[in-house]
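Colleague: Residue numbers (my numbering), protein chains in the order written: chain A, 1 to 341; chain B, 1 to 236; chain C, 1 to 422.
Note that these hints are calculated values from the structure, not bench results. Glycine included, C-beta positions come from ideal geometry on N, C-alpha and C. Just so you know, not all the hints are guaranteed correct.
[Said to hold, decoys possible] Pair by pair, the computed Cβ-Cβ distance ranges are:
{"id": "1", "chain 1": "B", "residue 1": "Q192", "chain 2": "C", "residue 2": "D275", "range": "26 to 34 angstroms"}
{"id": "2", "chain 1": "B", "residue 1": "D66", "chain 2": "A", "residue 2": "D244", "range": "52 to 60 angstroms"}
{"id": "3", "chain 1": "C", "residue 1": "D275", "chain 2": "A", "residue 2": "I66", "range": "43 to 51 angstroms"}
The lines below spell out each chain.
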Amino acid sequence: MEAGLLAALPVQELVFFINRGLLAGLIIGSVYALGAVGVTLIFGILRFAHFAHGDMMTIGAFVALICVALFPGGGSILGLPAAFVLMPVAMVVTALLAIGVDRTFYAPLRRAKVRPVVIVMSSIGVMLMMQGLVRLFAGTGTWQLEAGGAKTIYRLPLLGRDIILTQPQALLIGFTAVAAIALHLFLTRSRMGKAMRAVSDNPDLARVSGISIDSVVRATWVIAGALAAAGGTLLALDVTLKPDLAFNIILPIFAAAIVGGIGQPYGAIAGGMLVGFTETFAVFNWSVLLRPLAPLLPDFVEIPNRIAFVPTEYKIVVPFFILIVVLIWRPTGIFKGRVVK
Amino acid sequence: MALLDMSDIHGGYGGANILNGVSIAIEANEIGVIVGPNGAGKSTTLKALFGLVTVSQGKVTFDGRDITNKAPEALVREGLSFVPQEFNVFPTLSVEENLEMGAFIRRDDFRPLIDKVYGFFPPLKDKRRQPAGELSGGQRQMVAMGRALMTEPKLLLLDEPTAGLSPRYMGEIFERIIEINAAGVGILMVEQNARQALALAHRGFVLAGGQNRFTASGAELLADPEVAKSFLGGGE
Amino acid sequence: MSALPRRELVLFSGLVVVVALVFSWMGAAYGTRMLVEASCYAIIGLGLTIQWGYAGLFNVGIMGFIALAAFVSLFVTYPVNAAFWGSGAPAELGWALLAIAAGAAAVYAASQTHRLGLPKAWRTLLTMIVLAVAYLWAQSIFDPATTRIERGAGWIGGLGLPVWLGWAAGGVAAGALGWAMGRITLGLRADYMAIATLGISEIVKAFLKNADWLTRGTLTVSPIPWPVPTPQELGFVASRAAYLSITAILIAVIFVLLQRAWHSPWGRMMRAIRDNEVSAAAMGKDVNRRRLEMFVLGNVIIGIGGAALVTFTSIFDPSAFMPLNHTFLIWVMVILGGAGNNLGTVFGVVLVYVIWTMSEPAALFLFQQAASWGDALFGWRAPADLSTRALQMRVFVIGLTITLVLRFAPNGLLPEKPVKYE
Numbered sequence: 001m002e003a004g005l006l007a008a009l010p011v012q013e014l015v016f017f018i019n020r021g022l023l024a025g026l027i028i029g030s031v032y033a034l035g036a037v038g039v040t041l042i043f044g045i046l047r048f049a050h051f052a053h054g055d056m057m058t059i060g061a062f063v064a065l066i067c068v069a070l071f072p073g074g075g076s077i078l079g080l081p082a083a084f085v086l087m088p089v090a091m092v093v094t095a096l097l098a099i100g101v102d103r104t105f106y107a108p109l110r111r112a113k114v115r116p117v118v119i120v121m122s123s124i125g126v127m128l129m130m131q132g133l134v135r136l137f138a139g140t141g142t143w144q145l146e147a148g149g150a151k152t153i154y155r156l157p158l159l160g161r162d163i164i165l166t167q168p169q170a171l172l173i174g175f176t177a178v179a180a181i182a183l184h185l186f187l188t189r190s191r192m193g194k195a196m197r198a199v200s201d202n203p204d205l206a207r208v209s210g211i212s213i214d215s216v217v218r219a220t221w222v223i224a225g226a227l228a229a230a231g232g233t234l235l236a237l238d239v240t241l242k243p244d245l246a247f248n249i250i251l252p253i254f255a256a257a258i259v260g261g262i263g264q265p266y267g268a269i270a271g272g273m274l275v276g277f278t279e280t281f282a283v284f285n286w287s288v289l290l291r292p293l294a295p296l297l298p299d300f301v302e303i304p305n306r307i308a309f310v311p312t313e314y315k316i317v318v319p320f321f322i323l324i325v326v327l328i329w330r331p332t333g334i335f336k337g338r339v340v341k
Numbered sequence: 001m002a003l004l005d006m007s008d009i010h011g012g013y014g015g016a017n018i019l020n021g022v023s024i025a026i027e028a029n030e031i032g033v034i035v036g037p038n039g040a041g042k043s044t045t046l047k048a049l050f051g052l053v054t055v056s057q058g059k060v061t062f063d064g065r066d067i068t069n070k071a072p073e074a075l076v077r078e079g080l081s082f083v084p085q086e087f088n089v090f091p092t093l094s095v096e097e098n099l100e101m102g103a104f105i106r107r108d109d110f111r112p113l114i115d116k117v118y119g120f121f122p123p124l125k126d127k128r129r130q131p132a133g134e135l136s137g138g139q140r141q142m143v144a145m146g147r148a149l150m151t152e153p154k155l156l157l158l159d160e161p162t163a164g165l166s167p168r169y170m171g172e173i174f175e176r177i178i179e180i181n182a183a184g185v186g187i188l189m190v191e192q193n194a195r196q197a198l199a200l201a202h203r204g205f206v207l208a209g210g211q212n213r214f215t216a217s218g219a220e221l222l223a224d225p226e227v228a229k230s231f232l233g234g235g236e
Numbered sequence: 001m002s003a004l005p006r007r008e009l010v011l012f013s014g015l016v017v018v019v020a021l022v023f024s025w026m027g028a029a030y031g032t033r034m035l036v037e038a039s040c041y042a043i044i045g046l047g048l049t050i051q052w053g054y055a056g057l058f059n060v061g062i063m064g065f066i067a068l069a070a071f072v073s074l075f076v077t078y079p080v081n082a083a084f085w086g087s088g089a090p091a092e093l094g095w096a097l098l099a100i101a102a103g104a105a106a107v108y109a110a111s112q113t114h115r116l117g118l119p120k121a122w123r124t125l126l127t128m129i130v131l132a133v134a135y136l137w138a139q140s141i142f143d144p145a146t147t148r149i150e151r152g153a154g155w156i157g158g159l160g161l162p163v164w165l166g167w168a169a170g171g172v173a174a175g176a177l178g179w180a181m182g183r184i185t186l187g188l189r190a191d192y193m194a195i196a197t198l199g200i201s202e203i204v205k206a207f208l209k210n211a212d213w214l215t216r217g218t219l220t221v222s223p224i225p226w227p228v229p230t231p232q233e234l235g236f237v238a239s240r241a242a243y244l245s246i247t248a249i250l251i252a253v254i255f256v257l258l259q260r261a262w263h264s265p266w267g268r269m270m271r272a273i274r275d276n277e278v279s280a281a282a283m284g285k286d287v288n289r290r291r292l293e294m295f296v297l298g299n300v301i302i303g304i305g306g307a308a309l310v311t312f313t314s315i316f317d318p319s320a321f322m323p324l325n326h327t328f329l330i331w332v333m334v335i336l337g338g339a340g341n342n343l344g345t346v347f348g349v350v351l352v353y354v355i356w357t358m359s360e361p362a363a364l365f366l367f368q369q370a371a372s373w374g375d376a377l378f379g380w381r382a383p384a385d386l387s388t389r390a391l392q393m394r395v396f397v398i399g400l401t402i403t404l405v406l407r408f409a410p411n412g413l414l415p416e417k418p419v420k421y422e
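With the rest of the complex left out, here is chain A (with noise of 0.2 angstroms):
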């Protein structure tokens, strides 16, 4: 009886959702989370889309790049990727150079008052000067951040088919997954973290509490830095590093920070979920689901090779579809952030 029904199932078509649909929604909108959750915290904290932060994720790619350049065998004690292992040392430089940016860019322009669209405008220079930089080092062609050979699979029985997961990918999911504890308990338990939630709500009322907004924004560029190092890091590692890796995914960052709610790190996550999930079955080929049911069906119902929502060049629509409906439907975001106006 049980095996009958073990037959039945169409478990290649199961596993192929699994993979092609689950898995690589679950990756993908780990890269957004990354990028979002920093995203959210300066757009809450310090009030500006932060459009530069796509680029500061390929910088920091490419710090593990020139760490792995340095210590190739950085990896082989453990059995992980050379870059992996040296991540904490291109999330440190990233959040240093964010800092760094800060200081040198944004600061002055807010001690001057300047209306938050300026300071929005100022990060699309910093974005274009990471741009030409990267190039100008680093060329426009791809680079492999693993030296040599290929990626270790995972593979999970499941019915007789195999789910399939690369070391790279296992490593993203993982990381997200830590880093979204960590955080949970950073800006619930720690006293910097709720000052961050503090200046977040209300930095009038925060000044005025002794909260130092220094230490805040240092914090804050530290998070937003070393995610986002991580984020491209892990991206380059699953894909390959290009220098406008991230460009292309600042877009779906901004809708997931949006959808989440501005300032709100659970929702940037949650965001970058639906976000990456949403554009994963947008394009996935969903007649394949269909085709078990075949017999089922009247024969003069064909199902077509293939039913998307969205041919896979128009990818780019989905995030900012996302994003319109939610600006439409609301402004706040699923998870009520706070500034709209």
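Position chains B and C against the provided structure of chain A, taking the given hints into account.
Modeller: Coordinates of chains B and C only, in the frame set by chain A:
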């Protein structure tokens, strides 16, 4: 030596001066009340004192030290604490986290202080885990005052603490203010409900047009027929 | 104002000298080309100065609006493709468009079912389902139609109408897209508009690049008809000079209209809104409506300038619309010249464009020198893609200029003049 001495303060936002010579002086452990018509510069006086509005002329001393135009962060360490009129809680933080943020500058164990604040405001203890933004107006005012007390200030500045509250809460807030004062905290507040506020004031200041019009004890001001006629809305 | 103030005179005479130097070094053909392109950018810059300088709106998607306007202009002016109109494809395409309209109507009807007493949650669910089904259905009709066009006639070609009509249509299309964007984002904070405009420009670009049946995609379309005789007929200098006279007239007309509008009650209201939104709103001005007007007007002008620019290059290549670099080249032009000052904008555009064009050979020269020095002194081997890298340096310089101008000269070289009222 007065605890707080503001003498002949001028100042305002940008170019426009709102204060044209305000003088406020109160002793330790006193309640001072600033009243006056709309636009008299009452709130601006508090903000100028707390470094939120630039003082262009005049001098502010607190506890014998010159604090003119010092930043709010520094004044908190000097022993001043300010409760703004609006937006005076962190809405998504819990009640207890709001109090902890009040104690941000403290590195010692402030648990006993939190308990003391709950002693002043018992309703807060039951709602300690609730986000402050979900509380009623009166309870939010309690959170705001509790937050300001967490630094154990010598002087507590309150900007219209009863604005928008129902009469029941208004009375309760005034009672708490007396209790807090009795516990050794000086109070300087701006109030629209001038009669009730002056009734508990050691010193009262009537401002108009950014200048002192009358300065005397609360009781004397209440008894002054001219003050009553011009600023307390006649007989009530 | 009796005479031009000294600052303007000095800056503009300096500019004339620089342009003259370019002419003498690079030749008249090169110089006129540069001037025509600069004049098209000046039109775009004037559109942007309305949005940013007058209304404080941050448009990051300039390239998207330009690409759309350029395409619409191309569609209107390009010669008719007889192979397309002679086949059954137009009818098929018409049915597909009808299907899309029907699908949209069905979705709209579903979204209104709460008026029939359906609970809101059910309405939302129903709308989503109808949307998904209608979308897939319309797609299943639309896709074969476009595929057939691509296999048969290649693409749909143009309408063969006059160029001025094409530019006007391009402006209208850019304005219409701006209207839709503005409706959604103007009520929210300025950052959202920046993000949304960035998104729309990416989408416009993706669409134009992939819709081969409509735009030939990466195959590119050329030559785009010119409003004046082409170089083949007149020679480079004369034809480009003729083109320049047209764009110069356009600039003059737009410039005069803007100056007049700016000193009218309408302009006063706009400044009031920009400088103090809260009090303007308190005075009963419909702030978002006025801003929408500005945004749309700015986009129409940007569209016209973009159509003129792409028409001049004579080739429509969707992948050539570099979204950010060119967008921010225009931004640098406007904020460096002085946002909110039309004369300053024109000055900034020409100056930055001259520097931009001349920086290409300059950057290459510098990097070649550096490479040969490095080789001679330290034996460094320059990377093979040195020239492409050298050009990336210019992106860095744009970014640096933006941050420096914002910090040290936020009003630009020719700041906006406070308007005096009698």
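Colleague: Does each hint hold? Answer for all of them.
Modeller: Consistency of the hints with the structure:
{"no.": "1", "hint": "Q192(B) with D275(C): 26 to 34 angstroms", "verdict": "holds (32 angstroms)"}
{"no.": "2", "hint": "D66(B) with D244(A): 52 to 60 angstroms", "verdict": "holds (56 angstroms)"}
{"no.": "3", "hint": "D275(C) with I66(A): 43 to 51 angstroms", "verdict": "holds (48 angstroms)"}
In this structure, none of the earlier numbered hints is contradicted; all agree with it.
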